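Q: The two chains are supplied separately, each in an independent frame; assemble them into the complex guided by the hints.
Residue numbers (my numbering), protein chains in the order written: chain A, 1 to 112; chain B, 113 to 224.
Warning: the hint list may mix true and false statements.
[Said to hold, decoys possible] With a Cα cut of at most 35 Å, we get these calculated DSBU-like pairs of lysine-lysine:
(1) B:Lys123 with A:Lys68
(2) B:Lys156 with A:Lys22
(3) B:Lys190 with B:Lys156
(4) A:Lys42 with B:Lys123
(5) A:Lys58 with A:Lys42
Derived from the structure by calculation, the hints contain no laboratory data.
Here the structure is a predicted model, which is why all the values come from computation and not from measurement.
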Amino acid sequence: GENVEQHPSTLSVQEGDSAVIKCTYSDSASNYFPWYKQELGKRPQLIIDIRSNVGEKKDQRIAVTLNKTAKHFSLHITETQPEDSAVYFCAAFSGNTGKLIFGQGTTLQVKP
Amino acid sequence: EAGVAQSPRYKIIEKRQSVAFWCNPISGHATLYWYQQILGQGPKLLIQFQNNGVVDDSQLPKDRFSAERLKGVDSTLKIQPAKLEDSAVYLCASSSQGDTQYFGPGTRLTVL
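So here's chain B without its partners, still in its complex pose (with noise of 0.2 Å):
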């Protein structure tokens, strides 16, 4: 079984830049989470999606994230216009019962 997918791996960017990061599940899981984690810190969710529907992005920073999640398969979460704090690991996971998560390898944000 595959496990999920993520792209690019790495990207650095200058403040008030875009950027975007792709995901790509475990086949078949309804569920997909977005996290946020800070060097030294556990992983901080900031948006779920169930199939193509938001279940929770009560801790996105709106003014500036978005994400969506079309087709209930792959994923997007964009960053516009980035800050220094948004430097990270932007991890994905998927469930398929909603409690399991399995995590891809991440993308790491490095904002200058």
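Looking at chain A on its own, in the form it has when it is part of the complex (with noise of 0.2 Å):
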């Protein structure tokens, strides 16, 4: 079935630094690829998105890029703040079946 993998699990980076989150998913189908931040006990809420005939797009200070060939995209956070540290869920969604398929999960802390 579809399935969706997210690298690392766990990422801590100094204030400032750079934080790179990875996914790569299995459906070639897919053609929509959302990121989400959730804080702790709150709803996720999505930053960014992407889709299948774009190669990268940028807001601010978060970036997202696609590579439909290998199947992969990336989630790019420069100049980190402490309230950039949550937990980052990549998705993927197919649009054969009509299902988002998330990633496990990416628990970014970022240190003051």
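A: Laid out in structure tokens, this is it:
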């Protein structure tokens, strides 16, 4: 079945450094890739997304890249701040099944 | 624009009891989803509605879980009887286009 692998499971960086989270998907019909940020006890919030006809998208300090050939996509956060600390989930949406499959999550800790 | 609303926010019950959760999606969103999120994991889809019809309930444990979306707006998810392993956060999400999903705050269920 469809699967999304996310790495690393935990990531600790110093404030100001960059953080990169990588995901790999299995369903070649996947055409939409959102990233969600979930703070402790709160709802997952959409922070950025990318569609399969685009290779890269940037929004201020966050960017997402997509490599359709290799079936992987990555989240890049630059100039990290303590408020970036949260669990980040990648997901892949299949146009065939209409399902959004989530990765296992990455706990990002930004140390001041 | 109001977000996805859910209630209650927290629920504690004993095993074998029943419980119901309510969700009100973003106005105009035709697609509604119920997810189960176990601590430390990504959300797992339980059921997907398109208007008032079920699109996918393949991951719903139908011997104990049921869900309905009368009139294609609000939805209710019920568990009867609850088991210890049902302890999780139950997230409702809605979508207008079928891919970008917006989540509610979730209901944290503890089964003792």
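Q: If a hint holds in the structure, say so; if it does not, say that too.
A: Hint by hint, here is what the structure shows:
Restraint check for Lys123 of chain B and Lys68 of chain A: not satisfied, since their Cα atoms lie roughly 42 Å apart, outside the 35 Å limit. About 20 Å separates the Cα atoms of Lys156 of chain B and Lys22 of chain A, which keeps this hinted pair within 35 Å; it holds. The straight-line distance between the Cα atoms of Lys190 of chain B and Lys156 of chain B is roughly 16 Å, inside the 35 Å bound, and the hint therefore holds. At most 35 Å may separate the alpha-carbon atoms for a hinted pair to count; Lys42 of chain A and Lys123 of chain B meet this at roughly 16 Å.
Distance hint between Lys58 of chain A and Lys42 of chain A is fulfilled; the C-alpha atoms sit about 25 Å from each other, no more than 35 Å.
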